[in-house]
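One line per chain: the protein sequences are A and B, in this order. All the letters of the first sequence, read from the start, carry residue numbers 1 to 286 under our numbering. All the letters of the second sequence, read from the start, carry residue numbers 1001 to 1232 under our numbering.
Wrong hints could be hidden among the right ones.
The following residues of chain B were derived to be distant from chain A, with all beta-carbon distances above 10 angstroms [what the hints assert, rightly or not]:
hint: 1; residue: GLU1020
hint: 2; residue: GLN1088
hint: 3; residue: PHE1137
hint: 4; residue: ARG1146
hint: 5; residue: ILE1201
Now the stretches of chain A that chain B is said to cover, found in silico as 3 or more residues with beta-carbon under 8 angstroms [to be verified]:
hint: 6; stretch: 1-7
hint: 7; stretch: 15-23
hint: 8; stretch: 36-50
hint: 9; stretch: 53-64
hint: 10; stretch: 133-147
20 angstroms max Cα-Cα, derived PhoX-like pairs, lysine-lysine [what the hints assert, rightly or not]:
hint: 11; chain 1: B; residue 1: LYS1208; chain 2: B; residue 2: LYS1221
hint: 12; chain 1: A; residue 1: LYS146; chain 2: A; residue 2: LYS104
hint: 13; chain 1: B; residue 1: LYS1066; chain 2: B; residue 2: LYS1045
hint: 14; chain 1: A; residue 1: LYS280; chain 2: A; residue 2: LYS264
hint: 15; chain 1: A; residue 1: LYS146; chain 2: A; residue 2: LYS216
hint: 16; chain 1: B; residue 1: LYS1018; chain 2: B; residue 2: LYS1038
hint: 17; chain 1: A; residue 1: LYS179; chain 2: B; residue 2: LYS1197
hint: 18; chain 1: B; residue 1: LYS1045; chain 2: A; residue 2: LYS264
hint: 19; chain 1: B; residue 1: LYS1018; chain 2: B; residue 2: LYS1069
hint: 20; chain 1: A; residue 1: LYS179; chain 2: B; residue 2: LYS1066
hint: 21; chain 1: B; residue 1: LYS1197; chain 2: A; residue 2: LYS141
Everything labelled a hint here was simulated from the structure, so no lab data went into it. Where is the CB? At the ideal position from N, CA and C, for every residue including glycine.
Residue-level listing of the chains:
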Amino acid sequence: MEIEVLNPGVSTTIQDLGRVNGLAYGVPYGGAMDRASAVLGNVVLGNPISNPIFECTLVGGDYLFKGSGHICISGAPFFVRLNDESIPYNTKVKVVKGDVLTVKSGEIGRYLYVSIKGRLEADEYWGSYSTYEVARSGGYKGRSLKKGDVLRVKKGSTLTYISKFQTPVIENPVIRWSKGPEYHDFSTVDLKLMDNRQLNVSNDSNRMGYRVDGLKLKGTSTGNIISSGTFKGVIQVPNSGIPIVLMSDSPSTGGYPRLGVVLKEDLDQLAQVKPGGAFKFQYVEL
Amino acid sequence: MNYNISQYGDSAVLIQFKNEISYEVHHEVRRLYEGLRKQAFKGVKAVIPAYNSITLLYESTLLNLKGIKSIVKEVMQNIDYNSLSSYQIEIPICYESSFAIDKETVLNQTKLSWEEVVSIHSSSQYLVYMLGFVPGFLYLGGLDERLFIPRLDEPRLKVESGSIGLASNQTGVYPMAISGGWQIIGRTPVDLLELSKTVKIEMGDFVKFFPITSDEYKLNKYQPKRMLIHGN
């Protein structure tokens, strides 16, 4: 089957579960921002969980199916229509030649996933099919989709069909975090400011990182550190005092003090907070 | 050398050596990095070497802090730095004025002639301390002190891909067009981002730059290779 992009929305890229092999070479982990939802779509369709899928940001766009097959929508609860009719989430949905999928933004959530039964063809980069736009590599031609792009889906291996799941998209999530390497260099005042406070994901946020609005920390007295490893979930505090939570396309190293690390379990919920959307931090001892 | 291992979130640990950038510390990081790569330790997902630390991502269902501590101890006892091989990559640089956009500043601040700047820059052997920032970027050490100059006050919004710059004790090539504040002294015709997909430059490798003319730049017949210079 082929899928033609009639309108790519704000930014739609091909993603999978990311790559670990390149971290020592400056290549980010990459992969779906909300991993649970990405896995869910593939599981529902009986695909291997690491199959490439569409990741639509905020406004998903319009897609024409040029053959028949099955799809699954997961992730952010957006406005989704197949030929003007609503379709259920986390469920296997049949599509036929000529069908058009339309995805528009919703009240909450940020990333919506379209999984396709079989194997979506994509370029490999360091062992993953995730698009990494900075290096113009992976996914579909290393970039977000454009009008007129045609993506091919091949028959893939079949696993078991599972039906109902919960997605990690909720309003005002509480995001738990634990100590980072420079935690003890921050003042107790700064540490107190972090928790139990209404915060927002900044409009200035993307696949590399989410800047946190509503907080201005004093930072450490020691300032920047000797560049050292970073990964998804690390909370960095640059000189501005505004924390940044590193996300899927985070650089593999950085020089800002690392206050904390978001618990792995909570990363999908954080990923799904819209620009301007609210959340709270909560410190936990591991 | 002593090191400290601490929990870094719920699925990583940070192994930190002395808080400095030096060859001595680099040797320790490299011993550990090579040792961790050589053996497939169960539960170790990825290793990120840096100037004076290693970040180790692990599968928390298979491994814990205690297990990692014993792995690190074992590796540090077993890997001898002198047993490790060294490689060198040679990268062509055109230092002509059309590419050396900060030539005037560099001349003023170093009080050297341009011939001297080029000769000093292209005769040193640079150590790849680590890779990071973006794919294809090398953190190099070994810059001659005569070329130490501060970075620009205001970074440029866009530095052309392949530009080579100076910034205090560092020198390096921008593998893609990005914003940056280094003083630009030339450009390589080699696409380092593309190169990084086929030639895996490793931390611990050495880099040498050699001067080329703008005609040679245009022809761009270069395919840098990783050449063994020590060990096997």
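Pairwise hint evaluation, B:LYS1066 against A:LYS179, where the allowed Cα distance is 20 angstroms at most: Holds, at about 18 angstroms.
20 angstroms Cα cutoff - pair B:LYS1208, B:LYS1221: holds, 17 angstroms
Straight-line alpha-carbon gap B:LYS1066 to B:LYS1045, limit 20 angstroms: holds, 16 angstroms
Given pair status - B:LYS1069, B:LYS1018, alpha carbons within 20 angstroms: holds, 17 angstroms
Coverage criterion applied to the stretch 133-147 of chain A (partner chain B; beta-carbon cut 8 angstroms; 3 residues): holds (count 4)
Status of the stated non-contact between B:ILE1201 and chain A (beta carbon gap over 10 angstroms): Given a closest Cβ separation of 8 angstroms, the condition is violated.
Restraint check for B:LYS1045 with A:LYS264, where alpha carbons must lie at most 20 angstroms apart: holds, 14 angstroms
Whether chain B covers the stretch 36-50 of chain A (at least 3 residues having a Cβ closer than 8 angstroms to its Cβ atoms): violated (count 0)
Annotated coverage of the stretch 15-23 of chain A by chain B, confirmed only when three residues or more have a Cβ within 8 angstroms: holds (count 4)
Status of B:PHE1137, Cβ more than 10 angstroms from any chain A Cβ: Not fine: 6 angstroms to the nearest Cβ puts B:PHE1137 too close to chain A.
Per-stretch coverage check for the stretch 1-7 of chain A, three Cβ contacts closer than 8 angstroms to chain B: Violated, because only 0 residues of the stretch 1-7 of chain A bring their Cβ atoms closer than 8 angstroms to Cβ atoms of chain B.
20 angstroms Cα cutoff - pair A:LYS146, A:LYS104: holds, 16 angstroms
The earlier numbered hints that this structure contradicts are 1, 3, 5, 6, 8, 9, 15, 16, 17.
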